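Asker: Single-letter residue listing:
Number of protein chains: 2
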Amino acid sequence: MTKILKDEDLVGSALMMIAIDALETAFLARADNRLISPPRHHVSFPDRGDLVFTVGGILGEKPLAGFRVYETFDGAEHSQIVAVWSNDDAKLKGIVLGERLGNLRTGAIGGLAIRHLSAPDARTVGILGSGAQARTQLAAAAAVRNLDRARVYSRDEKNRAAFAAEMQQALGIEVEPAGSASEAVDDADIVICATTSRTPVIRARDLKPGVHVNTVGPKTCEGYELGLDIANVAAVIATDSSEQTRAYASPFFLAGSGNEHRMADLADIIAGKAAGRGSPGDTTLFCSVGLAGTEVVVASAILDML
Amino acid sequence: MTKILKDEDLVGSALMMIAIDALETAFLARADNRLISPPRHHVSFPDRGDLVFTVGGILGEKPLAGFRVYETFDGAEHSQIVAVWSNDDAKLKGIVLGERLGNLRTGAIGGLAIRHLSAPDARTVGILGSGAQARTQLAAAAAVRNLDRARVYSRDEKNRAAFAAEMQQALGIEVEPAGSASEAVDDADIVICATTSRTPVIRARDLKPGVHVNTVGPKTCEGYELGLDIANVAAVIATDSSEQTRAYASPFFLAGSGNEHRMADLADIIAGKAAGRGSPGDTTLFCSVGLAGTEVVVASAILDML
Chain A
1010 MTKILKDEDL VGSALMMIAI DALETAFLAR ADNRLISPPR HHVSFPDRGD LVFTVGGILG
1070 EKPLAGFRVY ETFDGAEHSQ IVAVWSNDDA KLKGIVLGER LGNLRTGAIG GLAIRHLSAP
1130 DARTVGILGS GAQARTQLAA AAAVRNLDRA RVYSRDEKNR AAFAAEMQQA LGIEVEPAGS
1190 ASEAVDDADI VICATTSRTP VIRARDLKPG VHVNTVGPKT CEGYELGLDI ANVAAVIATD
1250 SSEQTRAYAS PFFLAGSGNE HRMADLADII AGKAAGRGSP GDTTLFCSVG LAGTEVVVAS
1310 AILDML
Chain B
1010 MTKILKDEDL VGSALMMIAI DALETAFLAR ADNRLISPPR HHVSFPDRGD LVFTVGGILG
1070 EKPLAGFRVY ETFDGAEHSQ IVAVWSNDDA KLKGIVLGER LGNLRTGAIG GLAIRHLSAP
1130 DARTVGILGS GAQARTQLAA AAAVRNLDRA RVYSRDEKNR AAFAAEMQQA LGIEVEPAGS
1190 ASEAVDDADI VICATTSRTP VIRARDLKPG VHVNTVGPKT CEGYELGLDI ANVAAVIATD
1250 SSEQTRAYAS PFFLAGSGNE HRMADLADII AGKAAGRGSP GDTTLFCSVG LAGTEVVVAS
1310 AILDML
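Just so you know, the sequences run in chain order A and B. Heads up, the first sequence is in the numbering used here, so the first residue is 1010 and it goes up one at a time. Heads up, the second sequence is in the numbering used here, so the first residue is 1010 and it goes up one at a time.
Be aware that one or more of the hints could be misleading.
Just so you know, same-sequence chains aren't split out, so a pair can sit in one copy or run between any two.
Said to hold, decoys possible - With a straight-line Cα cutoff of 27 Å, these simulated DSS-like cross-link-like pairs (lysine-lysine) come out: (1) 1015 to 1217; (2) 1071 to 1167; (3) 1012 to 1167; (4) 1282 to 1012; (5) 1102 to 1015; (6) 1012 to 1102; (7) 1012 to 1071; (8) 1100 to 1012; (9) 1217 to 1102; (10) 1012 to 1217; (11) 1015 to 1100; (12) 1282 to 1015.
Note that these hints are calculated values from the structure, not bench results. Nothing here was measured: the structure is a model prediction, and the numbers come from that model.
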């Protein structure tokens, strides 16, 4: 009996921590070369769009294998499929349909970066953007740090007010709208940048010393949401997949800045193979690209729990 | 609400005709270069096996896109997944899980070959093999021809008796076990060879003039179930995918025989672009390789009906 989960099944505040913990296991496997995460596979349907497959798996004890598929066809409705097999007995553990798993996965990667790079006593979050990614990133921050307060800025005043009301209710912390990007981040210990902006919304001077920054939105040479000077001042720059930053159709935003070569793999930081935050005054920067294959790991953990 | 079908949902005698008619549309699209059917995509999990993806789709009116995935892991239980999108609105039509769809698809390809290559008044079938493929091939023959009788031979007497009893009941025609391979086929208008034998189980002298033969089992130079002399006497040799016969790891059984170059594409025969049966005395041969992507087309038709 194959278990099948849909968006409406992926509810409850426990899911984010399950996802973050599953990804921690996956990132440790990656540092140990046991995470299977080959390049995406595209198949084109002329004039229609592509089917895009990302495969993922973990080798070792309790091995997993699976894939995610999404399409780029024209349409109002889009459905992703994630399927997971336990790889020691060929059993199909289940299938997860819909959009929520992908958002949860990306949020949880952000949470893992915050767990391992932000100040352990971080209390305040500044959020730029008020969409689905901003929501899951803040939920992930709240799962790994004992937060007091968050401030959100986005261009549309209604959106930021709705975000603040909804997230205050959901997370049980104070969440307030800010009048500008700099006001949202100026005393934040953690900054989440999850916009669609192709020009920088904040610069290094907007941030306080010791801040940790997640950038989730655009970050190619053609457009990026963070000022390049933030990378210059960062003591640590990390990403979930430096391979993927190099595979972008347009070069990664740090290419040619002198900073791209010191970018560390989050997996190596978690495994203790690369340096993380060194002192309370360090600025740390995490460039989230969505390590391929990780949806499978999150889906597997959720299929085990639900 | 995504429709999800499992093996237990794929029942009823109407399914075979739905599958054959759906494939006829797909083969006509193939003759018109509107069938998308790229090479399989394998992803390896070291020491465990592969995930194998076949993508398929039809361009034109009511465009379809989808894929099948199966695994080669060690285990008692195996699950295939087929997913189908309508490609004009990006809507996920549904998912079909399990083993039955693949068998139905391969049987229906055999039925399509029988519809377009066997004598229109064919009444008798000889079947070699008594497994799942032999069952669906015979059901497909019964869907496209007005059969009186079938004879089955396989090495195990119990298996062929069970096959005869079960298929007589299922199809409402006389089905009897034969004492040898040649006895099963000697007066047959249609011969279905669906064994696992790697040495020929019948030769040209076993067959009557005007017979149509489907070979579903082994057909590489390393092992093949049909005598090569059957290809020599055949007026028409067809396959569902000559690309796939050329992509076998071991060469196709007709390679070097002088017959491989006159092999026609079943799609072209159906579309009237290549010659089919010319006279009642012609022997015709269909080499079934399982055209990639056709599971998607069959799944789509079944999702529309159920």
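Asker: Treating 27 Å as the Cα threshold, decide for residue 1217 and residue 1102: within, between, both or neither.
Answerer: For residue 1217 and residue 1102, the Cα distance exceeds 27 Å both inside one copy (46 Å) and across copies (51 Å).
Asker: First find the shortest C-alpha distance between residue 1282 and residue 1015 inside one copy, then the shortest across copies, and answer within, between, both or neither for a cut-off of 27 Å.
Answerer: The answer is neither: 38 Å in one copy and 46 Å across copies each exceed 27 Å.
Asker: When no copy is named, should residue 1012 and residue 1071 be tagged within, between, both, or neither for a Cα gap of at most 27 Å?
Answerer: within (18 Å within a copy, 31 Å between copies)
Asker: Within a copy, between copies, both or neither: where do residue 1100 and residue 1012 come within 27 Å Cα-Cα?
Answerer: This pair counts as both: shortest intra-copy Cα distance 11 Å, inter-copy 22 Å.
Asker: Indicate which option fits the pair residue 1015, residue 1217 if close means a Cα-Cα distance not exceeding 27 Å: within, between, both or neither.
Answerer: neither (41 Å within a copy, 56 Å between copies)
Asker: My question is about residue 1012 and residue 1167: at a cut-off of 27 Å on alpha-carbon distance, are they close within one copy, between copies, both, or neither?
Answerer: Intra 39 Å, inter 37 Å, cutoff 27 Å: neither.
Asker: One pair to classify: residue 1012 and residue 1102, alpha carbons no more than 27 Å apart. Within, between, both, or neither?
Answerer: both (7 Å within a copy, 19 Å between copies)
Asker: If the cut is 27 Å between Cα atoms, do residue 1012 and residue 1217 qualify within a copy, between copies, both or neither?
Answerer: neither (47 Å within a copy, 51 Å between copies)
Asker: If the cut is 27 Å between Cα atoms, do residue 1071 and residue 1167 qualify within a copy, between copies, both or neither?
Answerer: Neither: 47 Å inside a copy, 41 Å across copies.
Asker: If the cutoff is 27 Å on CA atoms, where do residue 1015 and residue 1100 land: within, between, both or neither? Let me know, please.
Answerer: For residue 1015 and residue 1100, the Cα distance is within 27 Å both inside one copy (20 Å) and across copies (15 Å).
Asker: Checking residue 1282 and residue 1012: alpha-carbon separation at most 27 Å within a copy, between copies, both or neither?
Answerer: This pair counts as neither: shortest intra-copy Cα distance 38 Å, inter-copy 46 Å.
Asker: Treating 27 Å as the Cα threshold, decide for residue 1102 and residue 1015: within, between, both or neither.
Answerer: both (15 Å within a copy, 15 Å between copies)
Figure legend: structure checked against the earlier numbered hints; hints not met, in rising order: 1, 2, 3, 4, 9, 10, 12.
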